[in-house]
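Following the hints, complete the assembly by docking chain B onto the known chain A.
Number of protein chains: 2
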Amino acid sequence: MRGRPNRQAAINDLLVRNVRLDGAAQTVALAIRNGRIESLGAAPDDWSGPTVDGKGQLALPGLVDGHAHLDKTMWGLPWRPHSAEPGLAGLIGNERAGRRELPSVAERAGGLLDAYIERGTTLIRTHVDVDIDNGTSAVESVAQAAADRADQIDVQIVAFPQSGLLVAPGTVELMDAAMSAGADLVGGIDPAGFDGEPVEHLDAIFALADRHGCGVDLHLHDRGALGRWEMGLVIERTRALGLTGKVIVSHAFCLCDGDPTIPALVEQLGELQIALATVAPGNVDPLPLDLLDEYGVGVCLGQDGIRDLWSPWGDADMLARAGLMGWRAGYRRDEDIARCVDIATTRGAAAIGVSNHEMVVGGRGDVVLVGAAGAAEAAVTSPPRSLVIKSGRVVSNSDR
Amino acid sequence: MRGRPNRQAAINDLLVRNVRLDGAAQTVALAIRNGRIESLGAAPDDWSGPTVDGKGQLALPGLVDGHAHLDKTMWGLPWRPHSAEPGLAGLIGNERAGRRELPSVAERAGGLLDAYIERGTTLIRTHVDVDIDNGTSAVESVAQAAADRADQIDVQIVAFPQSGLLVAPGTVELMDAAMSAGADLVGGIDPAGFDGEPVEHLDAIFALADRHGCGVDLHLHDRGALGRWEMGLVIERTRALGLTGKVIVSHAFCLCDGDPTIPALVEQLGELQIALATVAPGNVDPLPLDLLDEYGVGVCLGQDGIRDLWSPWGDADMLARAGLMGWRAGYRRDEDIARCVDIATTRGAAAIGVSNHEMVVGGRGDVVLVGAAGAAEAAVTSPPRSLVIKSGRVVSNSDR
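Protein sequence lines, in the order shown, are assigned to chains A and B. If you're matching positions, the first sequence starts at 9 in my numbering and goes up one per residue. If you're matching positions, the second sequence starts at 9 in my numbering and goes up one per residue.
Take these hints with a grain of salt, some might be off.
From chain A, some residues computed to sit far from chain B (all C-beta separations above 12 Å) [as the list claims (entries may be wrong)]:
(1) G178
(2) E205
(3) A337
(4) E366
(5) V368
(6) S406
Label-pair restraints from in silico Cβ distances [to be verified]:
(7) B/G338 / A/L174: 25 to 31 Å
(8) A/L174 / B/E343: 33 to 39 Å
(9) B/R341 / A/R108: 18 to 24 Å
(10) A/G379 / B/G338: 29 to 35 Å
Simulated from the structure, these hints should not be mistaken for lab results. Glycine included, each C-beta is placed from N, C-alpha and C at the ideal position.
So here's chain A without its partners, still in its complex pose (with noise of 0.2 Å):
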């Protein structure tokens, strides 16, 4: 792809004068090339493409949301009490009966990924419900939102049983449909606390995921030995089935506790490459990281959702989430705060399946720029983004 340059795919070529990468005191050149960095250092001395100043500037790479919920959230519209009965049901309740009011799908979907394209993010995983009310709508509605920013973000889509699978007959004909309407993986909840058939809810998307050859990413809230005991499972299928690399656990929860068995599971993980989604949540202990780091567990972070039926927190800053999930672990140095940078920009997306999302040459042009000494200062003060780059083209220029 490099070497020889294509002069057609100029959209897609940017020299960035004068930024500073992340432990470095020198400034360089960042040459972007048919959307793949050519070289850090010095700048090309043949370029003639567009050319921008990075006012010696922190250069990230472009921020990573590895779970999201963009069909969910109520971004930009008038405030709204929470309104939903304690619990999962009740949650869930109230989201079918409250979205019936809302704008569309793809407007509030849309909304939010020019947030999320505003402050920095180049790639998202998102979460999409599918369920016997909306069917395969709002995959649909997110894959067009996404479509109409396709220059701008990349967006991968899971299927997601919110209300259930077998407990809600059809879903899994819904699921189906859904893979060949736009989703990308096959997700899944909860297979024992909230669907209440374990094995078969596991054997139903694991199945989905082997005909449609794609990956699983499972929503796991359940605690405990039972969350545990259903981690098994899904080491189990994920081996059976081939599928090294291609599967996620959400929130994994029962990872958190400190439990004497944890270790024997995380290295099963680390293992079949089985990645860990984590949205730094306030009231949940964080996932072990040095264990995972032991294992070379893959990891990422997201927001959950955003202003939504569920929650009202959240604000689309992967940044800020960054620093949210190094000050609930506690971390004071900056080693320790960039690793969670790291979780939310190339540790991340490694994890959803994107490699060389990274300051490298041949890595991915996807890049933000903000004013900040380093990665950690930068988690620490989420300072607004300069300039927004997804392969070679600038996308947010708060300057402009």
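Relative to chain A, chain B alone:
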């Protein structure tokens, strides 16, 4: 104070037209005369003082930080990576070495006070280090920075033996001197876990408070049964010296672990009006607010240190901090999130001994205007402070 307006005091008179109070749909005019709220509703017929347009924004009481460390901050200085060895002793040693290289306490504390004022805080209680290296100089410097801003923010100073009281001979005498040098309250720190002489430590600080006729604000990080045993000693001494309503325990992590003996302790806190200060920490469980409410225990919220040699976190924004408190507690409903704003305003002020800090006739004329539907949205979104009013005087105006 009200009733017969003092025509000389126009500097503390202000009519704010067109503002909304939390929970009200209609806008009102808010008249402040001689620094106190004179009316909330129709504008006074005879108003001849200064007038501003509130533009329909939400009017909250001035924000209150009940637990700060102004003298420690590196706010506004270039980013400095955290450099302490782990543990309390490592942190204290790192600070005593590193602070010598920093600009003066007056300059740093003053700059941080300016940031607080701009972000709508009108009342703050700060602990200030007293130790054998620096004696009472930090207390004097913070008192001067506060005096320079006396029209903009009220500052209470706690003399704080950060490096220990009995482990550092001479400190008791310096604490005594600090009370004459500008401190308003006597502080203390982990009488058992850090100072190693719990009974003697508490006897010493309560004797100082008794001698100077002031209150006590004790840092108590000691957890579990140890911390609760110390809390019992605090209760004994508060009762014996008749210090009802004049004692705060800061942090109080020992009340956060759900132990069955906690309610009996909390009942005594309520009886003696011993309040608690929390900083809504990122990685310690929250205070049991429902239980504190049941026994009428006062609570205030603070930022703790801000961007200092202890930690890179903190941002002088008490509305954002109220949001973090609600997020950490898992609150979703408006009334729950608004409780956190109450703790960051009216209830927090009462906890540190300042009554009538609220949006009622006769209340203190400290008001902050923000663009939000109500207190819950304000805490979640932490919008810019359009107008900050201290005792009827505009001290920050972002529309200028």
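Taking the hints in turn, this is what the structure says about them:
no.: 1; hint: G178; result: holds, 30 Å
no.: 2; hint: E205; result: holds, 28 Å
no.: 3; hint: A337; result: violated, 7 Å
no.: 4; hint: E366; result: holds, 22 Å
no.: 5; hint: V368; result: holds, 23 Å
no.: 6; hint: S406; result: holds, 16 Å
no.: 7; hint: B/G338 / A/L174: 25 to 31 Å; result: holds, 29 Å
no.: 8; hint: A/L174 / B/E343: 33 to 39 Å; result: holds, 36 Å
no.: 9; hint: B/R341 / A/R108: 18 to 24 Å; result: holds, 21 Å
no.: 10; hint: A/G379 / B/G338: 29 to 35 Å; result: holds, 33 Å
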